[in-house]
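Visitor: The task is to assemble the complex, starting from two chains supplied on their own in separate frames and drawing on the hints.
Chains as they are written, first to last, in my numbering: chain A, 1 to 654; chain B, 1 to 296.
Treat the hints with caution; some may be incorrect.
A short, non-exhaustive set of chain A residues, derived as facing chain B with CB atoms under 7 Å [said to hold, decoys possible]:
no., residue
1, L99
2, L102
3, P103
4, R106
5, P110
6, M114
7, A118
8, I122
9, I125
10, D329
11, G336
12, T339
13, Y344
14, L346
Source of the hints: derived by calculation from the structure; they are not laboratory data.
For every residue, glycine included, the Cβ atom is placed at its ideal position computed from N, Cα and C.
Next come the chains, spelled out residue by residue.
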Amino acid sequence: MNTRKIGLGIAMIAVLGAFPVAVGNPYYIHLAETILIYAILLFGLDIVVGYTGEVSLGHAGLFGIGSYTAGVLFFKFGVHYVLLVVAASITVTAVFGALLALPALRVTGPYLAMVTLAFGTIVQILINEMTFLTEGPLGIKVPKPALFGHKLTEFEYFYFVAIFMLLALVAINRILRSHLGRAFQALRDSPVACDCMGVSVYRYKVYAFVISAALAGLAGSLYTYSEEYISPNTYNFELTILFLLAVIMGGRKTRSGPLLGALIVVTLPSLLSDIKLFRGIATAAAVFGVVLAATLLAKKQKTVRDVIVPVISVVGMAAFSYNLENIVDWRLTIFGFMTLFVVYYLQDGIVGYLRASAEKIWPRNKSLASQAEADASKTWAPRAQTTPASGNLLEANNILMQFGGLKALNAVDLHVMQGAIHGLIGPNGSGKSTMMNVLTGIYRPTGGTVTFNGRSIVGSTPSQIALAGVARTFQNVQLFGEMTATENVLVGLHHTFRSNLFQVLFHTKGYRDEEHSAQQRAAGILQFVGLHDLAFEEARNLPYGKQRLLEIARALALDPSLILLDEPAAGLTAPDIKELIEIIRKIKEHGITVILIEHHMDVVMSISDTVTVLDFGQKIASGKPSEVQNDPRVVEAYLGGSGESLAPSPTLAA
Amino acid sequence: MEILLQLVISGIALGMIYAVIAFGYQLTFATSETLNFGQGEALMLGALVGLSLVSNIHGGPYLNYWLMIPVVIVFGLIQGAVVEWIGVRPSIKTKSEFGWIMSTIALAIIFKNVAENIWGKDDLTFPSPVSAAPFQLFGANVQVMQVLVVIGAIAMMLAVETFNRKSIYGKAVIATSNDPGAAGLMGINTGMVITFSYALSSATAAFAGVLVAPLTLTGATMGTSLGLKAFAVAIIGGLSSGMGAIVGGLILGIAETLTGFYISTGYKEVPGLLLLLLVLAVKPSGLFGKAAIKKV
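Chain B on its own, in the form it takes in the complex (with noise of 0.2 Å):
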């Protein structure tokens, strides 16, 4: 029973990291029907910028584990926009979805290949910023780490959820993700709100890097496969549903433990990959989504 309860604690914590990326996806979904196929990667490389930024692999420690928060955020949005910039606004022009598929898996081949350059190609450990010693719950181990992961995730998307809703800004994103060519005709510049949209996506995929960081191996292969099933969460909780990205994400997380534990773990990652499946050919809009209407 405690293992089961370790395994469920463990499973909450990566889920909601599979959350804050799947809710990344949404964010461009919403602006422009994009996707960014490199969002994995911009969660890698927000990991190993952080790692270099408090550890000694590039001459540091610089900062310590909280300050270095806001600086990943910000190099994320900057990679965001870059993406957006080179891959995704010149097929937003042309309208081919074609385009904007490849164009973002030929960025996120880049990036993964100058971070191997970079970074090298082994994993690297990075530094906790809290105690490693877990606590005990209801008999289970828990690590301040996976609470942090948990509080953090959460806070990520409210944090983005309140913006989007309060500010003026915000109103502009929801307007373009309602009716883009409404948005444009009434003074928004949909083409900035996109790039924006971009850029905040790439930057909660960052956060999350930070954050899962402490948790497991750093290194510049852990983007594709955790961008990956962050794609299975977005469509299994749906892809215009905040909910289904949280539902979502503690489905998997925990299916993907109890696998792990209970069956093999070079089978962990299939679990969630099945479930993309099933959903897609079951119920394609998601447990939370609403199927579009097809006008003709």
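Next comes chain A alone, as it looks inside the complex (with noise of 0.2 Å):
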């Protein structure tokens, strides 16, 4: 793996030196220029849209402020140093790009479509009224820059943008493959389950966004020196549009998916520029979609409604191409069918559709891929608990909860014995998932006292709670679907990284520690739960038995002094269920506190230290398996009718 890549960056290497050289037109040598700046960008770019998932139509923006910082240092500064400048435009752009992300840490999804482009609006308009800064319409003039006393010339200025797009290449690697990389695309996933593995989901966003940002900095103040003339109106809502096509179309989530997409965008402009070759393309596209659909009907793999609309649309743009004179006017006509084509029929992207491909024909050994692993003797265990050996480790007293007239809790007490396993069963609907959610943080309670090992927890943060020592698991799963199974126990390990941003960047021998023995650690996790055969798995993939064990050995990974299990054995199969009872046990031999959700009786009334019953919000028994099997109040609130003596069922189904 490492000789690979030690191998392709020399190669890459070799082709940016060497491309001016061969080249030797200027005009290709500036186009050149251009792909690796806006590959700089989309690095960027991907990490909120690829990792976070987040739209963001506001980075045409940040590259607009990038670029002024360098053009106003420049032209109303006078400030000639170029590296300083460079600097100067990472840090202002990085600053906006933390304001941006204040309002994202409200809100998701299309809100934050929209904050972001109201944000790369107000930037173009600001940047057209601020005259006095940016001499608004009219525009800046930049040469290009001195380095050393020597003044660049654009064969140099292209060597000096490829060395900053390779170092923002391998600085982005870095920051992805870590722990912070790890926690990016964990909120994409499940921002509840992040925030309940003490990933803040605040503050990850807002890296996110910063990093993001100034590499939109760094781009666009070499842009500036680049082009040597901006203006307000190349930073608009088109740039924006193309940048997010870029990046799905080349494949987000990889570092070549941007390289192809910065390619693909600044070429395709003087492509389309010769309306034959388009029209060559346009009919070969068409001939292909076709052939391609008639195959697929005729092996019956898709309905005539499934191909209509590509076929539709290649055949038409075919057509197009023929009755048009200028195509330039229809240049962005053709990104949208672009875009929209890429959403629907190529979601990984070009990268992504190639790697698929690949792996069809060579299928990588998923199995053989966990050497790395653990031996038996690494198999986890946990940290020495620093709580007292015995008492009550979680307190709740009084808990009221209440979503507007409904009480979905009502005063109820939950006293939880240190090393204990605690049942809290009740019919649906009774409060139980409710009284997860408050012990954990998600719902702050409207009314009583929470206190865990002694401290009270109401109003602390899920992130907070989880790094204090409560981990849990989700009754419908919660998993980061897109990473595999080691990846997502690592999530649960982030709480063991110290190393910061620039420890990361630079691979100190700190962080390198960190990262090996959380392996370790995950290995070791994933041993103790028996997931070891699947850790390179991806999560979604697993199937939903194994999909429940992973959540546990996640929750493991935070080192809990309290684990809260919120229906472990739901959809399980009767092996599993043994399997899974023998697991709770051993987490209990590990001193750890266990506070059970489950429908399944047997597996509750078996293990329970402590049976607590919720019935409509409110605690009816609480008590030892036996007594609580017992009392007339439960076996009513399960059974209906007047609590005439039953027979203890084994599986009380609600």
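Guide: Next comes the structure, spelled out in structure tokens:
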């Protein structure tokens, strides 16, 4: 793997180094320069779009801020030190990135898309209006910079840009492969689970935007020197769409994707200006589309409805290309159709598509990939518990949780003994999951107190509570679907990392040690729950029962003193349930306290030390399993009617 | 004082336009929790199609202003259904938020570019259906068209609301917006309802387009900023509250005319966008919206 990477790196440096010499034509050198500059920005955009899964329509604005910081520093303040200017552009844009992230703390999806769009629009208006600083629509002229007293030529400036691109590539690769990158990715798949693993969604969203903005700033300043003239109209909505198109068409969550995407969007306008070439491409695409659709229909893999839209569009495109005199005017329409096509038929981009096809031909051996496996002796052992050996670990008193007029929890007390397995049962809708959410900080109770380990946790954020030692699983599985089993556990181990961004960038020894020990521990935990064979499988591809086990593994990675299991046996087969009971017993043996919500009464009654029963938001019984089982109120809640003495049934499915 | 009143009146007329577009956002959000990022382009197309019908740019005039309105509304209905069919339905199936955001944006770009190629890049003037001479109201000059805008906007919203509340089809819309799953099980074709909500939403936008066109310039670029600011209005008022859309629209419309006059016309877009950022940072559910309880 590593030799391959070094080989790729050398090949890339060789290509970049040889390109200007081989081509020689300043027009093409400038075009290649633009591709590299766009690629830098796209690496950053990919963090937001590919990793955290948000749509940013503000990156043209950030790019503009970077450009204008460079332009204004040179033009108004006469700063000639190019490295200083570049550093200033990065810093200023990163600050704006943080500003942009502030509303992003509260909103996601379409709201965030509109926020970023509003941001981009404001930036363009300000650049236009603040003429005292930006010269407004007139624009700013900036010559090529001087380095060590020598003014760079177009030729030399290409190398200057190429070096920054390579630096950005290495930096971003290191960040995204570290715990920071895993946090970004986890945000996208399940923000709630992320918070409950002690990874603050808010903080990492801001980080993602700041890093992304810093790269946009770098790209912007390089662009200023590259074009030698900047004006507000460049940084418009179309540019934003072009950037987004480049990232998703190239392939998100890759480094090669943005490079390829930049190549396409930069060269496409020049390709499109040649009408004959465009007619050729459109005809070829139409023939290919029709043939492909016909084969798919013949094989009955698709229905007519599935293929009708793409077939009509490619044929329409070809017909349209022959009725066209001036292609430049229709450039945006073509970009629009390309975006539609990529969104629906090429979701993982060109690179993703090629990778998937390559994997079909040469399947990767996933069990072989797990040779880095910890041996049996390194199986998981929790760190020493810092909690008292006896007494109540968790005390919730008089909890009231009100949603509008509904009291989901009404004056509920829950006392959980240190080291015990505490069953929490009740019919559907009795408030068990609400209780879980109150205990882990997802809901703030309307009234009452919760003390964990002697400290009040009401009002703490989910991630603070998680870091204090409360881990949980979810009733509806909340795994990080696109990440492997190992990576899921590594997100749980996020708290073991102390390295900051710079230590990650420079791969310091401290960081490498942390990463190594985290990998080892992850392997050990997976071994403990019996998932070591599936360590490198994506979580979304695991069977349901294994997903539940993976959730427990991820929760254990937090090194919790208390673990809350929300219906861990739901949907499991009988042999899986046996395995699960064994795992819960072992967790208890390691001194970890367990709260268990479960509908399988045989499971709860066989392993719980204490059982609390809720019904309609009220506690109706609490005590040893045998006592609770015979409590007339419990029997009534489950079976209805006046509690005639009933033989305890092994499974009281609710 | 007269100037202030004058600005407030212009602000109200503008604000009602925002309210109608924002209302359109609410319609689709209610049924499918999706938004058409090309709402502004639906408005622009409505205005330009209307312009082609009432003026001589494409060999017309074919109709007078009043007869043109129903034609434009029908055009809007079709345009909205097309957007839903191409851009939104496939993403709802795959539950891809990214998908519908990107594809409605892509469609918006296509509409805008096509409009530029048909109607040109320059702004055109829209003939006013009523006398352009203003009348006096407490010393301020009021144009008849401004009054028409306010009446038309309210009438459109009332018509849609009445339809939703009184007719059996409207009940299907409301049922779908409350719980699409359950509505589907009760035999409501929720896919149809969502298509219909998009059609209705674009129709209101197209209608808003022909209302606002005589007051401003008409052109391919008129929709983008109107659409964005109307989104701000929808957010400020709350995506689930019709009253919120009106109040939000008025706040923004007045803020904008005041900024345009007292600060600079270049900055007149800024207060709305800042307000949007502020509301989203402080109360994302809007002034009139209810915060949803997140379920785990």
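Visitor: Could you run down the list of hints and mark each one as holding or not?
Guide: Evaluation of the provided hints:
Hint status for L99 (chain A) relative to chain B: violated, with the closest Cβ pair at about 9 Å, above 7 Å. Hint on L102 (chain A) holds. Least Cβ distance to chain B is approximately 6 Å, under the 7 Å limit. A cut of 7 Å between beta carbons decides the hint on P103 (chain A): the least distance to chain B is about 4 Å, and the hint holds. At its closest, the beta carbon of R106 (chain A) sits 5 Å from a beta carbon of chain B; the interface hint therefore holds under the 7 Å criterion.
For P110 (chain A), the interface hint holds, since its Cβ comes within 7 Å of a Cβ in chain B; the closest pair sits about 5 Å apart. At about 5 Å, the closest approach between the beta carbon of M114 (chain A) and any beta carbon in chain B falls short of 7 Å, and the interface hint on this residue holds. For A118 (chain A), the shortest C-beta to C-beta distance to chain B is roughly 4 Å, which falls under 7 Å, so the interface hint holds. Because the closest C-beta pair between I122 (chain A) and chain B is about 5 Å apart, less than 7 Å, the hint holds.
Annotation: interface hint on I125 (chain A) holds; nearest CB of chain B at approximately 6 Å, less than 7 Å. Because the smallest distance between the Cβ of D329 (chain A) and any Cβ of chain B comes to about 6 Å, under 7 Å, the interface hint for this residue holds. A distance limit of 7 Å between C-beta atoms decides the matter here; for G336 (chain A) the minimum to chain B is near 4 Å, and the interface restraint holds. Evaluation of the T339 (chain A) hint against chain B yields a held restraint, the C-beta minimum of about 4 Å falling below 7 Å.
At its closest, the beta carbon of Y344 (chain A) sits 6 Å from a beta carbon of chain B; the interface hint therefore holds under the 7 Å criterion. Given hint, L346 (chain A) at the interface with chain B, is violated; its Cβ is 12 Å from that chain's nearest Cβ, farther than 7 Å.
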